[in-house]
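These protein sequence lines are chains A and B, in that order.
According to the numbering used here, numbering within the first sequence proceeds without interruption in unit steps and concludes at 233.
According to the numbering used here, numbering within the second sequence proceeds without interruption in unit steps and concludes at 233.
A few of these clues could be false.
[What the hints assert, rightly or not] Here are the simulated lysine to any residue pairs, SDA-like style, with alpha carbons at most 25 Å apart:
#: 1; chain 1: A; residue 1: Lys-156; chain 2: B; residue 2: His-150
#: 2; chain 1: B; residue 1: Lys-156; chain 2: A; residue 2: Tyr-124
#: 3; chain 1: A; residue 1: Lys-156; chain 2: B; residue 2: Pro-131
#: 4; chain 1: A; residue 1: Lys-196; chain 2: B; residue 2: His-150
#: 5; chain 1: B; residue 1: Lys-196; chain 2: A; residue 2: Glu-231
Treat the hints as calculated values from the structure; they're not laboratory data.
Quick caveat, the model's predicted, so the values are computed rather than measured.
Now for the letters of each chain:
Number of protein chains: 2
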Amino acid sequence: MATRRRETKRQPHPRVAVDAVLFTIEAGTLKTLLVKIKQGPFLGQWAFPGGLVQVGEPLDTAARRELYEKTGVQDLYLEQLYTFGEVHRDPAAHTVAVAYFALVPPGAHALTRGDKYAEIAWFPVSELPELAYDHNAMAITAHQRLQAKLSYTNIVYSLLPPEFTLGELQTIYEVILDKQFDRRNFRRKMLALGLLKPLRKMRRGAHRPAALFAFTRRSPMNVEVL
Amino acid sequence: MATRRRETKRQPHPRVAVDAVLFTIEAGTLKTLLVKIKQGPFLGQWAFPGGLVQVGEPLDTAARRELYEKTGVQDLYLEQLYTFGEVHRDPAAHTVAVAYFALVPPGAHALTRGDKYAEIAWFPVSELPELAYDHNAMAITAHQRLQAKLSYTNIVYSLLPPEFTLGELQTIYEVILDKQFDRRNFRRKMLALGLLKPLRKMRRGAHRPAALFAFTRRSPMNVEVL
């Protein structure tokens with residue numbers, strides 16, 4: 008321990024923070040969770056929930072702790088997104104931010120804002136205000152990663168029930184990618200990715216009966232393209 | 008500046024390091040660059056080149072600086088891999104390591120080892136010794152990322168000349184993925200990814216003439232699967 012303390016204090020070094028970018032789809036809109044800062048140089052601005060990593064605390068533990076303390080959200084799979092190291096991103100001190108992200112079903116988590124924040128809210132990703140720190144850049148990186156992952160992973164399983172129609176899946180892809188797909192092309196390409204299995208069951212209701220599908224796995228997996 | 012210094016010193020926090028995982032293919036073998044430590048608790052062990060980030064230094068600048076100081080390698084595109092935050096990965100102090108990786112052509116960079124290191128060498132990825140810190144885990148993460156990126160990016164362009172045959176490309180894929188592909192299946196799948204363009208030229212020599220290809224772009228790009 009003596010060694011550790013001495014080494015830690017020997018010279019100034021950047022601080023380490025964690026931030027969490029949560030996405031959901033609500034009423035056909037891709038949204039992300041922000042908290043409104045009520046003190047310091049970013050007073051009145053919105054930011055992703057996050058904070059400093061403590062000595063002796065693993066990064067993903069810190070990310071889950073900060074997310075819980077600032078929003079009340081817990082019990083979800085946070086995936087590391089990217090580490091942001093621009094020197095002046097935090098005017099208080101050189102702070103390296105390890106960002107995490109996750110997709111959550113709408114309404115699945117009750118929100119409780121932390122004491123240091125004035126408000127907490129879901130914002131449409133396409134209409135974010137000017138955020139604190141470099142969080143606008145973080146939002147863009149997170150959205151791009153989410154979009155890219157649609158084509159080689161089963162990442163959207165967390166937004167869908169165990170059984171769903173290809174139409175429901177297509178809607179989610181269209182909302183996240185902000186583009187329309189031809190129904191037959193989308194169906195052909197999705198099935199070629201090998202992420203889905205047909206269930207030999209139909210959804211019946213007000214509309215024409217539609218075939219039901221499931222993900223082959225409901226934990227993170229990548230497509231085998233080659 | 009006063010604020011920054013106070014904030015930096017207020018409480019102990021983890022240190023930030025950068026490490027660089029370089030891959031090359033030499034004589035049909037995937038290799039990675041290591042330096043041998045000659046002091047401290049990891050004396051005599053091999054590690055990826057890296058070191059602490061300085062206050063006021065951007066992460067990727069630190070990664071390039073450490074790589075240059077420890078190996079003499081410079082002028083290459085380092086891509087951020089992952090940030091490792093296991094608390095005891097460095098026995099000297101809690102140190103968060105932001106790892107970078109790159110693919111380099113064999114022999115393209117002359118090596119000059121830094122003063123703090125006993126040796127520098129390329130090791131076959133399949134036969135790494137027990138490395139310092141958590142660098143065996145870092146090697147696995149880097150290799151997995153490299154393998155995954157083969158299927159949705161043009162990452163191997165840096166290992167190939169501007170014009171190449173599909174046989175040369177297949178060899179690189181087989182070395183990195185450590186598996187054999189059927190020639191016609193590989194050809195069909197690669198062309199479907201849209202990363203290559205045929206050049207309407209042939210390579211002539213000792214073997215049967217072979218069609219030449221180029222990457223549609225020689226900078227990082229992702230496949231459009233959907």
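Violating hint indices (sorted, rising): Violated: hints 2, 3 and 4.
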